[in-house]
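Start from the sequences, fold in the hints, and give me the full structure.
Chain order of the listed sequences is A and B.
Under my numbering, think of the first position of the first sequence as 24, with each following residue one higher.
Under my numbering, think of the first position of the second sequence as 24, with each following residue one higher.
Because the hints were derived from the structure by calculation, they are not lab data.
Be a bit skeptical, because a hint or two may be false.
When chains are identical, the list treats them as one kind, so a pair holds in a single copy or across two.
To be verified - Straight-line C-alpha distance at most 27 Å; calculated DSS-like pairs for lysine-lysine:
| # | residue 1 | residue 2 |
| --- | --- | --- |
| 1 | K446 | K410 |
| 2 | K285 | K479 |
| 3 | K389 | K285 |
Protein chains: 2
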Amino acid sequence: MHRECEEKILAKIRPESEEKDQIFKIADDLVSAVDKSGIAKGMVAGSVARDTWVSGDRDLDIFMLFSPSLPREELEEKGLFLAREIALSFNGKIVEKYAEHPYINANIRGYDVDLVPCYAVSDASKIQSAVDRTPFHTRYMKEKIVSLSDDVLLLKQFSKSCGVYGSDQMTGGFAGYLCEILIAYYGGFFECINAASKWHPGIVIDIEKHQAKEFDDPLVVIDPVDPKRNVAASLSATRMYEFSEYARGYLKNPSCEFFRAKKREIFLRSEFSEKINERETIFYGISFDTPGVIPDVIVPQLKKSASSVTALLERNNFAINRSGYFMGNKKSLLLFELLYDTLPVIERRQGPPVWEEENSEKFISKHLGQTFSGPYIREGKYYVEIKRRHSTAESLFNSDDFKQSGLGKHVKKSILDEYQILKNSDCWTEEFSEFLYEFITKISPLSEILLDADKKR
Amino acid sequence: MHRECEEKILAKIRPESEEKDQIFKIADDLVSAVDKSGIAKGMVAGSVARDTWVSGDRDLDIFMLFSPSLPREELEEKGLFLAREIALSFNGKIVEKYAEHPYINANIRGYDVDLVPCYAVSDASKIQSAVDRTPFHTRYMKEKIVSLSDDVLLLKQFSKSCGVYGSDQMTGGFAGYLCEILIAYYGGFFECINAASKWHPGIVIDIEKHQAKEFDDPLVVIDPVDPKRNVAASLSATRMYEFSEYARGYLKNPSCEFFRAKKREIFLRSEFSEKINERETIFYGISFDTPGVIPDVIVPQLKKSASSVTALLERNNFAINRSGYFMGNKKSLLLFELLYDTLPVIERRQGPPVWEEENSEKFISKHLGQTFSGPYIREGKYYVEIKRRHSTAESLFNSDDFKQSGLGKHVKKSILDEYQILKNSDCWTEEFSEFLYEFITKISPLSEILLDADKKR
Numbered sequence: 024m025h026r027e028c029e030e031k032i033l034a035k036i037r038p039e040s041e042e043k044d045q046i047f048k049i050a051d052d053l054v055s056a057v058d059k060s061g062i063a064k065g066m067v068a069g070s071v072a073r074d075t076w077v078s079g080d081r082d083l084d085i086f087m088l089f090s091p092s093l094p095r096e097e098l099e100e101k102g103l104f105l106a107r108e109i110a111l112s113f114n115g116k117i118v119e120k121y122a123e124h125p126y127i128n129a130n131i132r133g134y135d136v137d138l139v140p141c142y143a144v145s146d147a148s149k150i151q152s153a154v155d156r157t158p159f160h161t162r163y164m165k166e167k168i169v170s171l172s173d174d175v176l177l178l179k180q181f182s183k184s185c186g187v188y189g190s191d192q193m194t195g196g197f198a199g200y201l202c203e204i205l206i207a208y209y210g211g212f213f214e215c216i217n218a219a220s221k222w223h224p225g226i227v228i229d230i231e232k233h234q235a236k237e238f239d240d241p242l243v244v245i246d247p248v249d250p251k252r253n254v255a256a257s258l259s260a261t262r263m264y265e266f267s268e269y270a271r272g273y274l275k276n277p278s279c280e281f282f283r284a285k286k287r288e289i290f291l292r293s294e295f296s297e298k299i300n301e302r303e304t305i306f307y308g309i310s311f312d313t314p315g316v317i318p319d320v321i322v323p324q325l326k327k328s329a330s331s332v333t334a335l336l337e338r339n340n341f342a343i344n345r346s347g348y349f350m351g352n353k354k355s356l357l358l359f360e361l362l363y364d365t366l367p368v369i370e371r372r373q374g375p376p377v378w379e380e381e382n383s384e385k386f387i388s389k390h391l392g393q394t395f396s397g398p399y400i401r402e403g404k405y406y407v408e409i410k411r412r413h414s415t416a417e418s419l420f421n422s423d424d425f426k427q428s429g430l431g432k433h434v435k436k437s438i439l440d441e442y443q444i445l446k447n448s449d450c451w452t453e454e455f456s457e458f459l460y461e462f463i464t465k466i467s468p469l470s471e472i473l474l475d476a477d478k479k480r
Numbered sequence: 024m025h026r027e028c029e030e031k032i033l034a035k036i037r038p039e040s041e042e043k044d045q046i047f048k049i050a051d052d053l054v055s056a057v058d059k060s061g062i063a064k065g066m067v068a069g070s071v072a073r074d075t076w077v078s079g080d081r082d083l084d085i086f087m088l089f090s091p092s093l094p095r096e097e098l099e100e101k102g103l104f105l106a107r108e109i110a111l112s113f114n115g116k117i118v119e120k121y122a123e124h125p126y127i128n129a130n131i132r133g134y135d136v137d138l139v140p141c142y143a144v145s146d147a148s149k150i151q152s153a154v155d156r157t158p159f160h161t162r163y164m165k166e167k168i169v170s171l172s173d174d175v176l177l178l179k180q181f182s183k184s185c186g187v188y189g190s191d192q193m194t195g196g197f198a199g200y201l202c203e204i205l206i207a208y209y210g211g212f213f214e215c216i217n218a219a220s221k222w223h224p225g226i227v228i229d230i231e232k233h234q235a236k237e238f239d240d241p242l243v244v245i246d247p248v249d250p251k252r253n254v255a256a257s258l259s260a261t262r263m264y265e266f267s268e269y270a271r272g273y274l275k276n277p278s279c280e281f282f283r284a285k286k287r288e289i290f291l292r293s294e295f296s297e298k299i300n301e302r303e304t305i306f307y308g309i310s311f312d313t314p315g316v317i318p319d320v321i322v323p324q325l326k327k328s329a330s331s332v333t334a335l336l337e338r339n340n341f342a343i344n345r346s347g348y349f350m351g352n353k354k355s356l357l358l359f360e361l362l363y364d365t366l367p368v369i370e371r372r373q374g375p376p377v378w379e380e381e382n383s384e385k386f387i388s389k390h391l392g393q394t395f396s397g398p399y400i401r402e403g404k405y406y407v408e409i410k411r412r413h414s415t416a417e418s419l420f421n422s423d424d425f426k427q428s429g430l431g432k433h434v435k436k437s438i439l440d441e442y443q444i445l446k447n448s449d450c451w452t453e454e455f456s457e458f459l460y461e462f463i464t465k466i467s468p469l470s471e472i473l474l475d476a477d478k479k480r
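Structure representation (structure tokens):
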């Protein structure tokens with residue numbers, strides 16, 4: 024039954040020969056251009072090299088392998104120069120980008136091409152930077168996956184539809200290479216889905232049986248070309264188990280819905296306002312200019328900031344339902360859904376234990392006569408009930424306590440420049456609307472499909 | 024300097040010879056009456072036997088020692104019969120009371136006399152019930168304390184003034200026997216105060232160096248006649264450290280104030296209401312008939328109930344500043360000071376981990392389409408945001424959740440009969456007023472003295 028649906032999907036996502044010919048042609052041309060330079064050897068990497076790209080994807084990775092004897096600085100200089108020259112000779116629109124070292128991204132004949140300089144090391148254990156590992160991945164996978172490319176395509180499409188495809192920090196999901204390893208390990212799409220539906224903490228996948236390091240990530244997938252690396256390190260527990268439940272749902276009811284791309288919802292300010300009224304909670308947003316650094320640096324900072332501010336709110340007795348964060352092109356948002364935003368004037372504070380004589384004396388003389396209650400003793404420690412520091416969430420968000428609350432480096436800098444405290448429907452902007460929709464209607468991928476099916480009935 | 028003040032106090036609290044003669048006379052008469060029965064031997068116990076009662080105390084303990092060969096049932100029967108006969112022959116007003124077994128309490132010539140049957144065992148290790156231990160305490164202490172009775176008097180008065188005298192459950196303080204051991208161990212009142220001012224967790228006092236059991240009570244004082252018993256077992260950490268800070272305060276400034284009985288404050292409903300308004304918190308009281316069982320059974324139940332209901336409130340997202348409990352003659356009270364008493368309609372609930380397949384399916388199908396958000400996955404577990412069970416504290420207090428929340432046995436029975444939910448100033452009754460005053464103006468004994476001194480200046 025599931026084969027039927029999978030064949031239908033494959034017919035849509037498997038690139039036709041025309042698409043293949045086109046992409047191989049431009050790939051060949053670029054590799055030749057690198058070879059012709061005489062200073063580096065060209066190599067196609069990524070899904071194009073393994074014949075595992077989903078029809079319509081227009082990403083192309085060209086690696087330029089330099090001699091390992093070249094000093095790092097020269098590699099960067101010569102590599103960038105060559106990449107730029109080649110891109111220009113193909114009339115590409117050029118952007119310089121940075122991972123561990125700089126590379127060139129160019130739009131060439133409608134393809135999104137990365138031209139990445141790296142070292143042609145003889146052995147994966149001798150790599151000097153993460154990109155040097157990629158040619159080994161390509162060589163390893165090319166062989167392993169040759170008869171399983173349809174299965175990889177299905178898994179990629181399935182993961183995309185589930186919302187868990189992509190190893191960037193915002194997604195925290197499955198990289199293309201990870202999908203390929205899973206298919207190689209389990210032996211096919213259906214076998215992989217079957218296994219994933221039973222995933223639980225402690226799963227280790229070690230295709231080469233050469234693990235040389237312990238990891239406490241939710242899923243451990245040892246890199247076949249590097250025994251000390253977990254390919255699934257950036258996979259979050261949330262995404263891992265969203266995938267697992269989605270797999271379980273598909274096994275129960277193998278419908279094409281599980282491969283369908285999600286439609287983006289338009290979410291109006293008035294709808295957001297209505298939802299807030301229904302929930303009776305109070306939303307606070309902290310909005311500020313998105314720092315001009317790559318997303319994989321900013322997103323972890325946003326995550327850290329949201330969790331620091333949540334802790335700060337809780338320390339100040341404001342109870343939170345949920346928090347979230349979003350990085351837009353222009354503005355970023357930290358979002359907090361509170362159960363209430365006003366508190367009584369009194370606040371209980373803990374003092375030293377009675378047996379610390381000096382601290383106790385200081386504490387008593389600081390507070391004596393200045394309290395609502397206390398200093399009093401409970402279980403050997405002093406307490407006082409004094410005027411609360413922040414009686415409203417607004418006061419807290421306006422305070423130095425907020426600004427010094429462990430925001431990430433770039434996030435803090437941008438917030439110190441300027442930030443807006445937004446309340447309830449004022450949190451809505453067009454840029455934030457999709458994020459707000461997902462925050463409010465938060466639902467697991469399988470539940471969403473089941474709910475849609477219910478509605479159609 | 025401190026001797027001066029102590030002499031002044033002793034002059035007030037040391038019984039004069041007239042008071043002594045009177046009490047010894049009646050004690051002798053009662054002992055003779057026991058002896059004359061021919062079936063038991065009489066013995067004076069308690070502070071009268073050790074000459075350590077504070078002038079004006081009118082408590083008298085007469086023990087009736089029966090042969091250990093007597094079966095328990097017969098001891099109870101004959102003991103009660105003899106005690107009642109003696110009390111009647113002294114024209115006493117009789118009340119039958121229960122500790123581990125029954126005894127007679129009688130008002131005889133203005134004295135509060137306990138007539139307690141027990142076994143005259145040959146060795147403290149052979150006691151059959153706790154009261155059998157008392158004659159050993161009396162014999163042991165009589166010798167130890169003979170030259171230190173003034174010191175014991177000072178310590179008792181000091182503890183009373185500090186509010187920590189009495190080993191009943193409501194006080195959780197220092198028993199008279201414990202005061203005597205402390206004086207015997209440290210060698211005097213001043214030495215005891217000096218040591219107590221430095222108390223910290225882990226203090227063990229073992230006058231006979233024969234400890235045969237480990238305790239994790241705040242203070243461990245091994246009974247000189249029973250190596251497996253902690254005499255300070257009923258002393259709470261709060262009382263222990265209130266005493267310790269009070270001792271420290273006295274050493275710094277040895278004033279007679281430290282021996283002065285606290286004056287009881289009148290606290291009007293209007294004053295209570297004003298305090299609540301100042302604090303901006305919300306008070307809820309649960310009032311019900313005090314169960315007709317001895318305080319040492321009820322008080323721990325009230326304590327347990329207050330802490331169970333606090334946990335229930337917190338599980339339901341109501342934040343508490345403080346809770347308390349009070350046992351009056353007619354009514355008892357559980358008191359909760361809340362930071363707010365109304366919550367939004369939504370509530371987040373945790374579900375099973377995704378890898379528990381059956382539970383996950385049940386959870387999804389139970390909640391699908393019935394939520395504000397979810398079912399969604401976070402870190403491998405399901406969550407839903409659904410209609411809150413109790414949006415107001417009032418709803419919670421009216422619910423079965425409250426009635427089934429781990430109230431003590433007798434407390435629960437009385438509450439199931441009938442209870443009132445009182446809010447803010449309605450918590451006030453004359454019976455509760457003193458407790459409410461202490462709850463609101465909660466302050467450590469030393470802080471209170473320092474504050475009074477400040478005011479007088």
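Within, between, both or neither: K285, K479 at alpha-carbon 27 Å: For K285 and K479, the Cα distance is within 27 Å only inside one copy (16 Å; across copies 75 Å).
Homomeric proximity label, K446 with K410: Cα distance no greater than 27 Å: both (25 Å within a copy, 23 Å between copies)
Within, between, both or neither: K389, K285 at alpha-carbon 27 Å: Only across copies: K389 and K285 sit 25 Å apart there, 60 Å inside one copy, limit 27 Å.
In this structure, none of the earlier numbered hints is contradicted; all agree with it.
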